[in-house]
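Trainee: Each chain, letter by letter, is given below.
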Amino acid sequence: MKKKSLQLEPIVFNTFNAIFMIVIAVVTLYPFLNTLAVSLNAGNDTIRGGIYLWPRVWTEQNYRAVFAGGTIFNAFLISVARTVIATVLSLFLTSMLAYTISRKEYVLRKPITIIVVLTMYFSAGLIPYYFLIRDLHLLNNFLVYIIPGLVSAFNMIVIRTYIQTLPEGLIESAKIDGAGDFRTFISIILPLCQPVLATVALFIAVGQWNSWFDTFLFASSKQSLSTLQFELMKLLSSSMNTNSSASMANGADLNAVQNMVTPVSIRAAITIVASLPILIVYPFLQKYFVHGLQLGSVKE
Amino acid sequence: MTDYPKSIRAKGEKARSLNVPKESLWRRLMGQKQLMWMSLPIVLYVLVFSYYPIWGWTMAFQNYKPARDFMDQEWVGFKHFQFLFTDPTFLNVLRNTLAMSLINMVLGFATAIVFAILLNEVKTRLFKRTIQTISYLPHFLSWIIVTGIVASSLSVDDGIVNVVLMKLGLISQPIMWLSIPEYFWGIVGASHVWKEVGWNAIIYLAAITSIDPSLYEAAEIDGANRYQKMLYVTLPGIKSIVIILMIMNIGWILEAGFEVQYLLGNGVVVDWSQTIDIFVLKYGLQIGNYSLATAAGIFKTIVSITLIFAANTIAKRFGDERLI
Chain A
1 MKKKSLQLEP
11 IVFNTFNAIF
21 MIVIAVVTLY
31 PFLNTLAVSL
41 NAGNDTIRGG
51 IYLWPRVWTE
61 QNYRAVFAGG
71 TIFNAFLISV
81 ARTVIATVLS
91 LFLTSMLAYT
101 ISRKEYVLRK
111 PITIIVVLTM
121 YFSAGLIPYY
131 FLIRDLHLLN
141 NFLVYIIPGL
151 VSAFNMIVIR
161 TYIQTLPEGL
171 IESAKIDGAG
181 DFRTFISIIL
191 PLCQPVLATV
201 ALFIAVGQWN
211 SWFDTFLFAS
221 SKQSLSTLQF
231 ELMKLLSSSM
241 NTNSSASMAN
251 GADLNAVQNM
261 VTPVSIRAAI
271 TIVASLPILI
281 VYPFLQKYFV
291 HGLQLGSVKE
Chain B
1 MTDYPKSIRA
11 KGEKARSLNV
21 PKESLWRRLM
31 GQKQLMWMSL
41 PIVLYVLVFS
51 YYPIWGWTMA
61 FQNYKPARDF
71 MDQEWVGFKH
81 FQFLFTDPTF
91 LNVLRNTLAM
101 SLINMVLGFA
111 TAIVFAILLN
121 EVKTRLFKRT
131 IQTISYLPHF
141 LSWIIVTGIV
151 ASSLSVDDGI
161 VNVVLMKLGL
171 ISQPIMWLSI
181 PEYFWGIVGA
191 SHVWKEVGWN
201 AIIYLAAITS
211 IDPSLYEAAE
221 IDGANRYQKM
231 LYVTLPGIKS
241 IVIILMIMNI
251 GWILEAGFEV
261 QYLLGNGVVV
271 DWSQTIDIFV
281 LKYGLQIGNY
291 SLATAAGIFK
301 TIVSITLIFA
311 ANTIAKRFGD
321 ERLI
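Top line first, the protein sequences correspond to chains A and B. Sequential numbering of the first sequence, starting at 1, is according to full-length UniProt numbering. Sequential numbering of the second sequence, starting at 1, is according to full-length UniProt numbering.
These aren't lab readings, by the way, just hints derived from the structure by calculation. C-beta: ideal position from N, C-alpha, C; glycine also. One or more of the hints may lead you astray.
Label pairs and their calculated CB-CB ranges [unchecked claim]: (1) B:Gly288 x A:Val80: 32 to 38 angstroms; (2) A:Gly49 x B:Met230: 42 to 48 angstroms; (3) B:Thr58 x A:Leu53: 55 to 61 angstroms; (4) A:Val80 x B:Ala67: 36 to 42 angstroms.
Here chain B stands alone, though its shape is the one from the complex (with noise of 0.2 angstroms):
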């Protein structure tokens, strides 16, 4: 706070501050109107809109009817959160979302970094530019288009999947893929993949971009070829950037998604298909359980903010910078 500048204090008070060596927060603050009337309109928008729903925790704790007043809820303590975790609907829930997000979490780095190291080795700037910019066109598309085209082209009729592999003879008929609850996860796993490699692949690319090429020129000295470089110089370069990603991704182990398990399922494939998200919806919005359905939410909120702490804590042992 030394190179505070004077400018931005209020005029009546210049002539008070200079018998007073510091100046008090207060005074400072009051000095500080606009910057204050620019910004705490917005933050009280936060409090209203991210904070105060909290409040609404309390429903957890209570058989809550929606025609009482606060007062009068009936109180039940964890009731709600011990039926959570002894309804088999919960638990068969709850591995859904950690194998998807599981999944889309390995795929989704494996898939990226591959991706990002075999861009970088083509060497023609127009070709390499071209695909790196149709690589990203997915990810600007709503879940509800992606889901559209993934069912139209696993469709049984005229799908392309269906098609392509019934031309290579590798299967007899058409696989109506959507209904069997097994290839769910892969599915949206690999939707996954076909919506961000091209993007998720960006900042692995920023990173091998800023490997010094003095690295590889020592490689190229040394006698390394091509595949030696890529697994002694640049997979180490971008090692760290992976590792601070991943311990980041833990803390969204329970954010396997929504839209494309809501727009994908169908009542086949349900046991397999159905997130906590998804959960929530049903239980609170379509069947009026609140209670459940909040503690659901609690559930989910509390792990989250836990592992994005612990995973915070780990990243500063790693001595890289923290997300917050």
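So that you can see chain A by itself, here it is in the shape it has in the complex (with noise of 0.2 angstroms):
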């Protein structure tokens, strides 16, 4: 009896815990594939219920209403540009300072050490905070997305713990080749780096492709400026704040009669195309960013 059930046991646990695995891929792709399936499905029809995993009208129209120029392809064009430059600039200046940091005779190590990590356990607070970009004019202003952001103390913690695992003796022999700091910092530093900055490039440009505070606090009344989770917000409030959910339909379904397109399957539309470049991206770099988080955490 007590042989038997050892070695069924291992059976047993390993095929639960299988269907527990299983059971979480599910939970967690799930609502991902339905918002697809509704994304491709056509709007008039997605009111009726019942899509689950696959389109039962087939239309392209929803990803077309989204980029057909106007406000949502123009706040798809900020949101790109936002990310990008944003990352780059954010990226060369915190690894900057990272490296000048990591540099054991830099007499004002310590000093700019404290004076940016301690940046990481308060905050003035938002109001004060809101008055500083208002004077700073940053309100509707496309610079409010780039500047406040660019130096996280966290990003270059992690950085600077990287550059200090790198061996001392690179950075010598380029000193006695004559190479100044900034020199070793752009043509030494930064190549032998590429690991930790990927880490931190995801992290910085998921950040900001993902931001909608910003927009809704300091640039919500220019159109222009205004980004694709931004507008996904909107909408999302809106059928939200319509609270009984048969108005909603009601609403939706006189507009739905001439139209494909509803505001569930624009939405559907947009949340695919405001996740699909993550999406797409992260697999690759997770290599990188479990290592990263490794670094910051277990340390040995």
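Dock chain one against chain two, each of which comes alone in its own frame, and use the hints as you go.
Mentor: Written out as structure tokens, the structure is:
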């Protein structure tokens, strides 16, 4: 009896464990696949309900509507622009600062580290920050997407920790060859930091691409500066505020008679457009960020 | 500072410094002009964006009127703070914030640890990797997208949660999940779990892989079965990282988040959904009571900082590495 249960036990456990993992995968993926199906289904048909994993009336109208020019396409362009510009600038400045405080001989290393790291633990709060942005004339200005978040203490620490693992001799030999710190940083450190830079670039880009709060606070009165996430948020809150779903469906129904694109279907399309770039990139960077996270936490 | 390389001294100073046995700080700094140029502009930027706004804290001690100069403001001492702690709305907001961040923390830790341990038991490599990659996915989606997904999954018309519960016969008619105040905290907690469980498990998985395999072998020789190994080898193996992360998280107790509650909340559940951040936004930017909103913000920052430094000290006692 005991022997039998010992042989049976691993099979039972493994089966249940595998089923559990598959359930987790399904729960994670289903909402996303459902959104994909809705985005490819005609809006006036979606209202009838019953769309789960596969579109019933195929259409690419919803995506056409997103990219047809006009506000949503403009928001898409703004999102792309802010993500690209901010990621490049922020990566450069953050790693440059990280390099300087990784230099043991640098006299100002300690004070700078403290000044920057402390910013991880406090913030002046929303209201004073809002006034600062206003006083710097960044309200309703594209630069409000770029400038305020340029340097993050967390990212800087991650990069610095990585630089410190590089062999000291490399930097010293560059110095002996007559390279200044800036040259050393550009031509020795940056190329060697590729793995950590990939991780941090992913963090910054995802943060930029997903951000909507800054648009909401600082640029909501200027439609030309709206971002994809903000457009999505407006659609979401308009559909949630009409609290009874019946009135929502009725309102959409009227539209839907003439129109295959409804708020629900276009929301699905924007959701897919807003998540696809990240979903394509992150699996390839997986090994980098997994390692990067370990660097920050499990330090043996 | 013994390994201070000579090469970074400025050329002109070489001769002079030969006579001085130990260089003064200033002299050394002058030899590091490139490092200074590379760092000081960025530090200046940090000072402007992170430190300068603290000056705005003065607003909390005034009846701040935007039209007046600083010198003409009316100073009221701690009036706004006193008001906050007698204001039922603020106390309610404080309760919501604490409750939701505690729920998020407990659920977040428990699910991530369980997921990591169970995933570690999956021996098929491809399967394990696939599940792990899928589990990170929601972490990269914005809260806008996630709350949109949550809202449509919970919807009364066609939401998958209601559909599944009805098919299973657990409920006879759809539940309006987002309109029942008592459910709100749970929904926020579950949304966090859905979004972050895979991501949070990364650290534990890493810790598990660094456990010495000979411990498992020894346990096996002693006749431990799979569950006993999980309980007596794996869990103790990740205990220290769990404790450190928990202590560190205490500092963020007032950071219940803003986005989820703002996006999922509605008029019906407002008594359960509002957090300090939403309170600040409402009073400050929508009603225009800047002083009160700033006071609430200060309270939040001071509590966080105190807790973080306390946590840091406790972590030091535990003999593990501190965060700062």
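Trainee: To test your reading of the hints: which numbers does this structure violate?
Mentor: Hints that this structure does not satisfy do not exist here, as all of them hold.
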